Amino acid sequence: MSIVVDKDKCNACETCVSSCPFDAIEMKDDKAFINEYCNECKACLEVCPEGAIKEVKIPEPRAQSTEHRQKLQDYKGVWIFAEQREKKVTAVSHELLGIGRKLADELQTGLSAVLLGADESEAKELVKWGADKVYLCEDPALEKFNDDTYTEVLSKLIKEHKPSIVLSGATPIGRSFIPRVAARLRTGLTADCTSLEIDKETKNLLQVRPAFGGNIMATILCPDHRPQMATVRPRVMKKGEYDGSRTGDIIKVAADGLTSRTKVLESVKEVSEISVNLHEADIIVAGGRGVGGEKGFKLLEELAQVLGGSVGASRAAVDEKWIPYSHQVGQTGKTVNPKLYIACGISGAVQHLVGMQSSDVIVAINKNPEAPIFSVATYGIVGDLFEIIPMLTKQIKEAKGL
Amino acid sequence: MDIIVCIKQVPDTAEIKIDPKTNTLMREGVPSIINPFDLNAVEEALQIRDSLGDGKVTVLTMGPPQAESALREAISMGADEAVLLSDRAFAGADTWATSYTLARAIKQLGADIVFCGKQAIDGDTAQVGPETAEFLNIPHVAYVKKVEEVQKDSIRVQRLMDEGYDVVESTVPVLLTVVKELNVPRMPSLKGKMAAKKTEIKKMGMAEIGADENDLGMKGSPTQVRNIFAPQFKTERRMLDGTPEEQVNFLVKELKESQCL
Ligand SMILES: Cc1cc2nc3c(=O)[nH]c(=O)nc-3n(C[C@H](O)[C@H](O)[C@H](O)COP(=O)(O)OP(=O)(O)OC[C@H]3O[C@@H](n4cnc5c(N)ncnc54)[C@H](O)[C@@H]3O)c2cc1C
Ligand SMILES: Nc1ncnc2c1ncn2[C@@H]1O[C@H](COP(=O)(O)O)[C@@H](O)[C@H]1O
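Heads up: the protein sequence lines correspond to chains A and B, in order.
When we follow this note's numbering, the leftmost residue of the first sequence carries the number 1, and every step to the right adds one.
When we follow this note's numbering, the leftmost residue of the second sequence carries the number 1, and every step to the right adds one.
Worth double-checking, as some hints may not be accurate.
To be verified - Straight-line distance between alpha carbons at most 25 Å, and here's what the computed SDA-like set of lysine to any residue pairs gives:
#1 K17/B to E14/A
#2 K334/A to D241/B
#3 K263/A to K256/B
#4 K31/A to G29/B
#5 K71/A to L185/A
#6 K180/B to A349/A
#7 K87/A to E169/B
#8 K21/B to E370/A
#9 K256/B to K42/A
#10 K17/B to I34/A
#11 K180/B to R289/A
#12 K144/A to R184/A
#13 K42/A to I201/B
#14 K219/B to P223/A
#15 K339/A to D241/B
#16 K298/A to G29/B
#17 K76/A to R246/A
To be clear, the hints were calculated from the coordinates, so they are not data collected in a lab.
These numbers were taken from a predicted model, which means no experiment stands behind them.
Just chain B, with the same shape it has in the complex (with noise of 0.2 Å):
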């Protein structure tokens, strides 16, 4: 069972704030990583791989060249090779565009089961994986916490719902979303990061997965954005005094009085 998975180099969105007096990010020195999601869909990917005893897990992404990186990352887990798409061309795509390159991409390498994260923390849309499914044809589950079976054409695993979750069965080839439920992934070993240094990098542009520069990047994008700002909050700030004993009464009065209670 050959599988692919989808990783994104994200800037840590934990480490991100927000300048107070321009309202806009402070990127300098936030580390780069794989999206925490795809670390999940790469240990799932190595899993299968290694209780089937066959097939083997690429990895992809499409980045600027330095997302690199990201891949040899995922070598030193355990994921047998690594793709790299990057192509000017691809430069400021969306949720369409991106899913529509990363689909043309798979296609041309072919895989039984596609993983994603179930979203990348910096766009945090969770869209990719879906429409990617749907640019290949195949079917796919979402918020998958579990994978209870693999067989050779269906698969059986947990989705996540708003009040519990559902048990869906699939055909394969299946492209399957994940959340952090799933495992724990695992640290690069040493012979990883061995292999990691030596693996070579498969890269693809534009010509290699044969797509028109009209469906790429940000021309092959239907949306757009139109500016950014800081989130707002209405200000109310109210600061009650004297004693704690009289702010409590204060507050239990105005409380009543309002019919909060």
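With the rest of the complex left out, here is chain A (with noise of 0.2 Å):
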């Protein structure tokens, strides 16, 4: 495919020239000019008023060869790569196997998980979790997380089992090692999604993320190349449905002669209560620049501990350093899911909406009726938070007898 310019319906209004996320369209001689710098996402053949823009087909530049075509269909499967800490699975592969096995299911295939580390037991959790296969390496060189020995193992594995799609956490440790493995497989990864779908026709793996700061949305293929290979950021999938009474395989893989460049010396733990409970937070009480500052929050903390609940904020909250970066909720926070999210003095930015807009139950509390926050609002209150919270804090304590 190439996107190209009807000339004759072109009359150079360049509504399309800062349509173009990659820069791509130029003016020349007065009429739209696609350069170089063409990713082909479409972006702007709706834009066109004229309807001048066009997709055309051309003798595919990435044709592949039928031997080529051939050694894809060798790949099958669905993996994930199952996380742990100290020796503990963490809650992103359950997720993991959550969408894993929607993907798997969708293609008729397996769903395998890959555990480094640790123990069998953990390993019988991820087949309850939804696997039907789990690859363990409890080579103890892998307890502790390094980029070469994970690397190592985890393309090893790949090159010998041919999966056809591969998924990890976009965690730290995901983020790290797994472009590694792409760049050693010669495919393509796309990072941090935010949903994936299997293409009806082609089999392909539709992946779905945030770019340009959250502002777009974009859609990634990996058409002639596998293992096709996502990291998916966590608290965005639901978890796998635990099955106690679920049996799969587990094969053992060993690993000897592991080496790594780099050495963990020392693991520092500095989290905040809080922070963790807002990833576990069944109620967040969330607060913006309307807050107005520190005795703001301490309302909010009123509020959520009546309820039970943890407290979040918005950006503008964490800039003007009212509360700490851990309670950051959004596209480059955290991404919460909580039943209840109480959004106060919180205007409601796309980056923001993209970290709760999952919650089951949100309440919005702002003084302008025209914040973008009630878009989303399961109940909306137009009023002054510095009224209302109290007011709410109150009737909630007595609800419950408190």
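Please assemble the complex out of the two chains, which come individually in their own frames, going by the hints.
Rendered as structure tokens:
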């Protein structure tokens, strides 16, 4: 495919020029001209009021030989990388098994997990969370995370068993070593995905991710290389279903002579109680610039306390230093998914919405009836938070008989 | 110790807005800046050079000809040399092809430490650093928040993790990707600005890095952008009415019924 301008139709209105995320459209001789930076993202197609920009079929530049196509057919199955810390599988692995199961069922293929540096008991848990097979390497050299050793073992397993899809958490671990694996295997990797689907027609993996600071979403494909690899944003996918009676195969993998050029000398824990709670919390009371200062956050804390919840914040409140970064919700903060999210004095910028929009119930309290936060609100209250919140705290106290 | 810092010129995404009618980016008037994390990388490189008192800092970018201004800005901060990787064949590269291209250049230039930003704020992938290290066949440490000690054949750094940080020791040569907690980037100096005007920028293309067209740019990229669209959210928008008191009453009743309380 290629994007072209129909010069007869183009009336030089320049609408397309600024719509291009890649700076690939310029004006040349009073007509729009598509330069070599075009990524074929098709954003401009819908923008042109004259319908002068079109997609045309050209002899596929990437068209691959039938022999190559055949080779791609050898890749089967969905794999997830199951991350462990201190030999315990982390929550993101359960989420990966949730989405992995869905993709595998749709492709009518198996779901396998790769677990490095933990024990068989944890591998068995992965089966109960949805894996058909677990490749387990118990080598103590893998207990601590090192890019060299993890890359070596995972790349080898992929080369040997040829999965079609490999998913990992978009965590500090996944985002550090999975790119090395992709580079080594000469395949594509899509970072920090928030949605994954199978293309009905081609069976390719459609990988959706935010870009440009969360301002737009992009669907990424890896059509001519295998495996199709993606890191997946934590807390976005639903966990798999836990079934204590599920059975599966645990395949022990030996890894001898592992060496690493990096060495972890020490692991220092530095989390405040609250930031851990934010991920796990059923109820979050979040504040933004409208909260006005540390004093305002005290009101939020009181409400959170009677609710048994945690306090979150918008970036504006964090930038003002009213509350530490570990509380930030959104594109560059945490993704949360509580039963109840109460947004106080938050306008509802896209970068905030992406981090909390999947909460079950959203309450928005804002002075401005036009604030975008109301568009996602299950209950919207237009009003002054300094009046509403103390009232709410008092009533909830009473309702709970506190 | 010779240090190469990979920097990228990006649109300032804080200034980007979505056109609500067409659901596309409005880039008009959006300034181009050096990717903020890359400024931390430049700063750290300069500090290491100055504390060891030997070696040079080279800034490297792959991009269109106008990316030269980003290189000059880095020189005005104090970098010694600058290299621009520019070629039509490089256009449309994904992280695989970008890393491959950067690595070919770095191999030719030679470096003991390679610095990258944690991620570029346009693509937000955080993949170019680790992939470049793989192509160079050197170790890397991602999310570095502190450089504790630099020695001839080893380096000790702190790596940010989900629940704190790891102290990691690596052999040298090494590639580090850095987060903003690392340092506060300096402003360009007057002397630096003068140097920036005079410094000759080395240019390299496909021939100079000795790469095959099929491994570069869009041709060499395993991933493709299928389409882009504006983020979509569920729309509930249910506004309460009445006095503040009545609204709060209603809300508490509803929350109780839906078992949120
Ligand atoms: C690359 C990038 C990444 C970002 N990442 C994030 C992120 O992770 N998380 C995030 O939150 N943001 C993020 N942002 C910032 C985001 O775009 C917004 O700037 C930010 O969310 C705004 O915060 P706010 O809603 O608290 O402040 P504002 O937009 O200033 O809104 C304050 C609101 O409070 C209301 N208000 C004022 N006083 C009262 C009162 N007394 N009672 C009731 N309401 C009142 C106002 O009506 C207003 O709607 C990011 C931006 C960029 C460019
Ligand atoms: N075109 C480029 N030229 C030079 N360095 C780059 C380029 N793209 C990415 N980088 C480096 O890789 C880091 C991560 O970028 P990314 O993987 O695109 O998020 C950036 O902070 C830069 O240090």
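Results for each hint:
1. K17/B to E14/A: At roughly 17 Å apart (the allowed maximum being 25 Å), E14/A and K17/B satisfy the hint.
2. K334/A to D241/B: violated, 32 Å
3. K263/A to K256/B: Since the Cα atoms of K263/A and K256/B sit roughly 52 Å apart, the hinted pair is violated (cutoff 25 Å).
4. K31/A to G29/B: Holds, at about 21 Å.
5. K71/A to L185/A: Distance of about 14 Å is within 25 Å: holds.
6. K180/B to A349/A: holds, 23 Å
7. K87/A to E169/B: Cα-Cα ~22 Å, so holds.
8. K21/B to E370/A: holds, 18 Å
9. K256/B to K42/A: violated, 47 Å
10. K17/B to I34/A: holds, 22 Å
11. K180/B to R289/A: holds, 23 Å
12. K144/A to R184/A: Given that 25 Å is the threshold and the Cα spacing comes to 22 Å, the pair holds.
13. K42/A to I201/B: Roughly 35 Å between the alpha carbons, so the hint for K42/A and I201/B is violated.
14. K219/B to P223/A: Since the Cα atoms of K219/B and P223/A sit roughly 13 Å apart, the hinted pair holds (cutoff 25 Å).
15. K339/A to D241/B: Within the cut-off at roughly 23 Å; holds.
16. K298/A to G29/B: violated, 40 Å
17. K76/A to R246/A: holds, 22 Å
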